[in-house]
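S.K.: Taken in sequence, the protein lines are chains A and B. Every position in the first sequence, counted from 1, becomes a number in the working numbering once 15 is added. Every position in the second sequence, counted from 1, becomes a number in the working numbering once 196 is added.
Since the hints were made in silico from the structure, they are not lab data. All C-beta atoms, glycine included, are put in the ideal place defined by N, C-alpha and C. Be aware that one or more of the hints could be misleading.
Some chain A residues near chain B, calculated using beta-carbon distances under 7 Å [what the hints assert, rightly or not]:
1. 20
2. 22
3. 25
4. 56
5. 111
6. 112
7. 114
8. 140
For the chain B half of the interface with chain A, some residues (derived, Cβ under 7 Å), not all of them [said to hold, decoys possible]:
9. 362
10. 366
11. 367
12. 396
13. 416
14. 419
15. 427
16. 433
17. 435
18. 621
19. 631
20. 632
21. 634
22. 650
23. 652
Calculated pairs, DSS-like style, for lysine-lysine (alpha carbon to alpha carbon, straight line, at most 30 Å) [said to hold, decoys possible]:
24. B:331 <-> B:552
25. B:364 <-> A:17
26. B:364 <-> A:135
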Amino acid sequence: MKLTQGCFSFLPDLTDEQITKQLQYAIDKSWAVSIEFTDDPHPRNSYWEMWGLPLFDIKDPAAVLFEINMARKAKPNFYIKVCGFDNARGTESCVLAFIVQRPSYEPGFRLIRQEANGRKLVYTIEAYASAAKPEGERY
Amino acid sequence: MSQAVESRTRIKSERYESGVIPYAKMGYWDPDYVIKETDILALFRCTPQPGVDPVEAAAALAGESSTATWTVVWTDLLTACDLYRAKAYRVDPVPSAPDVYFCYIAYDLDLFEEGSLANLTASIIGNIFGFKAVKALRLEDMRLPVALLKTYQGPATGLVVERERMDKFGRPLLGATVKPKLGLSGKNYGRVVFEGLKGGLDFLKDDENINSQPFMRYRERFLYSMEGVNHAASLTGEVKGHYLNATAATMEEMYERAEFARELGSIITMIDLVIGYTAIQSMAVWARKTDMLLHLHRAGNSTYSRQKNHGMNFRVICKWMRMSGVDHIHAGTVVGKLEGDPLMIKGFYNTLLDTKSEISLSEGLFFAQDWASLRKCVPVASGGIHCGQMHQLIDYLGDDVVLQFGGGTIGHPDGIQAGATANRVALECMVLARNEGRDYTNEGPQILRDAAKSCGPLQTALDLWKDITFNYASTDTADFAETATANV
Numbered sequence: 016m017k018l019t020q021g022c023f024s025f026l027p028d029l030t031d032e033q034i035t036k037q038l039q040y041a042i043d044k045s046w047a048v049s050i051e052f053t054d055d056p057h058p059r060n061s062y063w064e065m066w067g068l069p070l071f072d073i074k075d076p077a078a079v080l081f082e083i084n085m086a087r088k089a090k091p092n093f094y095i096k097v098c099g100f101d102n103a104r105g106t107e108s109c110v111l112a113f114i115v116q117r118p119s120y121e122p123g124f125r126l127i128r129q130e131a132n133g134r135k136l137v138y139t140i141e142a143y144a145s146a147a148k149p150e151g152e153r154y
Numbered sequence: 197m198s199q200a201v202e203s204r205t206r207i208k209s210e211r212y213e214s215g216v217i218p219y220a221k222m223g224y225w226d227p228d229y230v231i232k233e234t235d236i237l238a239l240f241r242c243t244p245q246p247g248v249d250p251v252e253a254a255a256a257l258a259g260e261s262s263t264a265t266w267t268v269v270w271t272d273l274l275t276a277c278d279l280y281r282a283k284a285y286r287v288d289p290v291p292s293a294p295d296v297y298f299c300y301i302a303y304d305l306d307l308f309e310e311g312s313l314a315n316l317t318a319s320i321i322g323n324i325f326g327f328k329a330v331k332a333l334r335l336e337d338m339r340l341p342v343a344l345l346k347t348y349q350g351p352a353t354g355l356v357v358e359r360e361r362m363d364k365f366g367r368p369l370l371g372a373t374v375k376p377k378l379g380l381s382g383k384n385y386g387r388v389v390f391e392g393l394k395g396g397l398d399f400l401k402d403d404e405n406i407n408s409q410p411f412m413r414y415r416e417r418f419l420y421s422m423e424g425v426n427h428a429a430s431l432t433g434e435v436k437g438h439y440l441n442a443t444a445a446t447m448e449e450m451y452e453r454a455e456f457a458r459e460l461g462s463i464i465t466m467i468d469l470v471i472g473y474t475a476i477q478s479m480a481v482w483a484r485k486t487d488m489l490l491h492l493h494r495a496g497n498s499t500y501s502r503q504k505n506h507g508m509n510f511r512v513i514c515k516w517m518r519m520s521g522v523d524h525i526h527a528g529t530v531v532g533k534l535e536g537d538p539l540m541i542k543g544f545y546n547t548l549l550d551t552k553s554e555i556s557l558s559e560g561l562f563f564a565q566d567w568a569s570l571r572k573c574v575p576v577a578s579g580g581i582h583c584g585q586m587h588q589l590i591d592y593l594g595d596d597v598v599l600q601f602g603g604g605t606i607g608h609p610d611g612i613q614a615g616a617t618a619n620r621v622a623l624e625c626m627v628l629a630r631n632e633g634r635d636y637t638n639e640g641p642q643i644l645r646d647a648a649k650s651c652g653p654l655q656t657a658l659d660l661w662k663d664i665t666f667n668y669a670s671t672d673t674a675d676f677a678e679t680a681t682a683n684v
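Could you put the whole structure together from the sequences, leaning on the hints where they help?
M.R.: Here it is in C-alpha cells:
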C-alpha cells in the first residue's frame with residue numbers, strides 16, 4: 016500500500032532536484048515552508064511533528080533541502096512532508112503539501128467495522144504499523 | 197355653493213395628482229444620483245418595447261422593483277417615499293445590440309430584510325420580468341454592499357476550511373458523478389463510489405435527480421456509499437467523501453436525510469438549486485451547525501440563465517449562492533461539453549472565490565465587490581471533461597476548483613479505478629510541471645505522454661480520448677464588446 020496523501024503521491028517519488036523546484040515555487044510566492052514528520056499517518060492526524068518552526072522569509076531552496084536531509088537522517092523510518100503556508104488575507108492556511116520521504120515498507124490501514132443498530136456501521140481506520148506500538152518503533 | 201370636502205382636500209402637487217404619469221417623472225430616474233456605499237446596485241439588460249424610451253423603461257424597472265404601481269397613490273406621502281424609491285441612474289446602449297440597453301439601478305439598504313434571499317429576490321426579480329413595457333429583460337450583475345452581506349451567513353465551511361478538513365492542498369480536488377444516474381441498486385451504486393475513490397479521486401457525487409426513487413431508496417444508497425468511502429479511505433490513507441444528495445419534497449424530509457448522512461459519518465451532503473432559495477439557506481445553516489460541507493448542484497439554472505436577452509446571468513446566481521451559504525456550486529468548465537466563454541467563466545470563479553473583486557467588463561463583472569469576509573465558495577467544473585485536457589483545465593480554472601470527470605472516469609475501458617488513477621496522475625504531473633515553471637499550456641500534451649510512461653491507465657485514457665479536442669485559441673481572443681454581450 017502506498018500512502019497517497021499530499022500533492023504528488025501518484026507520481027514516482029520526487030528527486031531532490033524536483034523537490035528543489037517545488038521549494039523555489041513556494042519561495043517565489045512568498046510562502047513559508049515547513050517540514051513535518053510522523054509515523055502515525057492516519058488520514059485525520061492533523062498534527063504531524065514539526066521539524067523546527069516553519070521557515071519564514073526563506074530565500075534559498077538549498078536551505079530548505081538541507082533541513083529536509085537533516086530530517087531524513089534523524090527520522091529514516093518516518094513519513095516526511097513539506098508544506099507551503101500562505102498568510103495572505105482570505106487564505107491564511109496551508110496551500111501546498113507533498114511527501115518527501117516514506118518508510119520503505121508501508122503495510123497500510125485496517126478498516127474496523129463495528130456493527131451498530133439499523134444496519135449502521137461505525138468505521139475505524141487504524142494503521143497496522145501503529146497499532147499498539149509507540150512512536151519511533153512503528154516502521 | 198361651497199365645494200365638497202373631497203375637492204377641497206384633493207392633492208394639488210403635480211407629482212401626486214391622481215392619474216398616470218411617467219415613471220421617470222415619478223422620481224425613479226435620477227441621472228445625478230450619488231451612489232451610497234450601502235446601496236444595492238443592479239444592472240439589467242433591457243429590451244424596451246418599440247417606441248418606449250429607454251430611460252422611461254429603466255425608471256419603470258426601478259419603480260416596479262421598489263415602491264411603484266401603475267398609477268399615483270397618495271399613501272406615498274405617508275412615507276419618506278424618496279428613500280424607498282429605487283433610482284435608475286444610468287442607461288447605456290449595449291454594444292453591438294441595437295435597441296438593447298444596460299440599465300443601472302440603485303436600491304437603498306432598507307428596502308431589504310436582513311439575511312433573506314427570498315426577500316431580496318422578490319424585489320429584484322419579482323415582478324419586472326413580466327412587465328409589458330419591456331420586451332425582454334436580463335439581470336446581468338449586482339453589487340451587494342458590505343452592510344447587507346454582513347447579514348448573510350455565507351458558505352457554511354468554505355474553501356480554506358474544506359481543504360483543511362480534507363487534508364488536500366496545492367491542487368484542484370478531483371471528483372466524479374456516479375453513472376448511470378438512475379437505476380442502480382444501493383449495493384451497485386456503492387461499488388462505483390468505492391472504485392472511484394480507491395483509484396484516486398477525492399469525491400464521488402450523487403447526481404441532481406437521484407433522490408429516493410423506487411429502484412433505490414436513499415437510506416440504502418447512503419449506507420452503501422459510506423461503506424465505499426470508508427473502505428477507500430483505509431486503502432489509501434486519505435480523507436474521502438461522497439456528496440449524498442438530500443434533496444426531497446419537504447424541509448422535514450431533507451433535514452432527515454441530511455441528518456442520516458451526518459450520522460453515518462459523511463463529511464458532505466448535497467442539495468439541488470431547484471429546492472429554492474429559502475430551503476438552500478436553511479440547509480446552509482444546518483450545514484454550519486453540523487460541520488458538514490454543502491454541495492449545490494445548479495439544476496434548473498439554464499432555464500433562465502442561458503439566453504442573453506432574458507432571464508438572469510449565472511454570475512448573479514453565483515453571488516446569491518455564496519450569500520446563501522453553500523460550499524460548492526457548479527460553475528462551468530470552459531473546455532467541456534457545456535462550453536462557456538472562458539472570460540465569463542473566469543468571472544463566475546472570481547465571484548465565488550475573491551475576497552474583493554474589481555470591475556472587469558471583459559469578465560462580465562460590472563461592479564466592484566467587497567465580499568465582507570464571506571467564505572470562499574468552491575466552483576465545480578463538471579460536464580464532458582477528460583484527463584487529456586488537464587493543462588487547459590489548470591490554466592483556465594486554477595487550483596481552487598473541484599474537477600469532476602464523470603464519463604472521463606467511469607468510461608475508462610479498464611474500469612473505474614483505472615479511470616480515476618488516470619485523472620489523478622494527469623492532475624499531479626501537470627501541477628508539478630506548472631510549479632516547476634514549465635510552459636505547461638503548450639507542453640501539456642507532452643507532459644501527459646511522459647507521465648503515461650509510468651502509468652498505463654493514463655496512456656489508455658489519452659489514446660481513447662485523443663480526438664476529443666477543444667479549439668483553444670478561438671474563444672480566447674474575443675474583444676471586449678463581443679465578450680461583454682457573449683451568450684454564456
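S.K.: Indicate, hint by hint, whether the structure satisfies it.
M.R.: Outcome of the hint check:
{"no.": "1", "hint": "20", "in the structure": "holds (6 Å)"}
{"no.": "2", "hint": "22", "in the structure": "holds (5 Å)"}
{"no.": "3", "hint": "25", "in the structure": "holds (5 Å)"}
{"no.": "4", "hint": "56", "in the structure": "holds (6 Å)"}
{"no.": "5", "hint": "111", "in the structure": "holds (4 Å)"}
{"no.": "6", "hint": "112", "in the structure": "holds (5 Å)"}
{"no.": "7", "hint": "114", "in the structure": "violated (11 Å)"}
{"no.": "8", "hint": "140", "in the structure": "holds (5 Å)"}
{"no.": "9", "hint": "362", "in the structure": "violated (9 Å)"}
{"no.": "10", "hint": "366", "in the structure": "holds (4 Å)"}
{"no.": "11", "hint": "367", "in the structure": "holds (5 Å)"}
{"no.": "12", "hint": "396", "in the structure": "holds (6 Å)"}
{"no.": "13", "hint": "416", "in the structure": "violated (9 Å)"}
{"no.": "14", "hint": "419", "in the structure": "holds (6 Å)"}
{"no.": "15", "hint": "427", "in the structure": "holds (6 Å)"}
{"no.": "16", "hint": "433", "in the structure": "holds (4 Å)"}
{"no.": "17", "hint": "435", "in the structure": "holds (5 Å)"}
{"no.": "18", "hint": "621", "in the structure": "holds (5 Å)"}
{"no.": "19", "hint": "631", "in the structure": "holds (4 Å)"}
{"no.": "20", "hint": "632", "in the structure": "holds (4 Å)"}
{"no.": "21", "hint": "634", "in the structure": "violated (9 Å)"}
{"no.": "22", "hint": "650", "in the structure": "holds (6 Å)"}
{"no.": "23", "hint": "652", "in the structure": "violated (13 Å)"}
{"no.": "24", "hint": "B:331 <-> B:552", "in the structure": "violated (35 Å)"}
{"no.": "25", "hint": "B:364 <-> A:17", "in the structure": "holds (16 Å)"}
{"no.": "26", "hint": "B:364 <-> A:135", "in the structure": "holds (28 Å)"}
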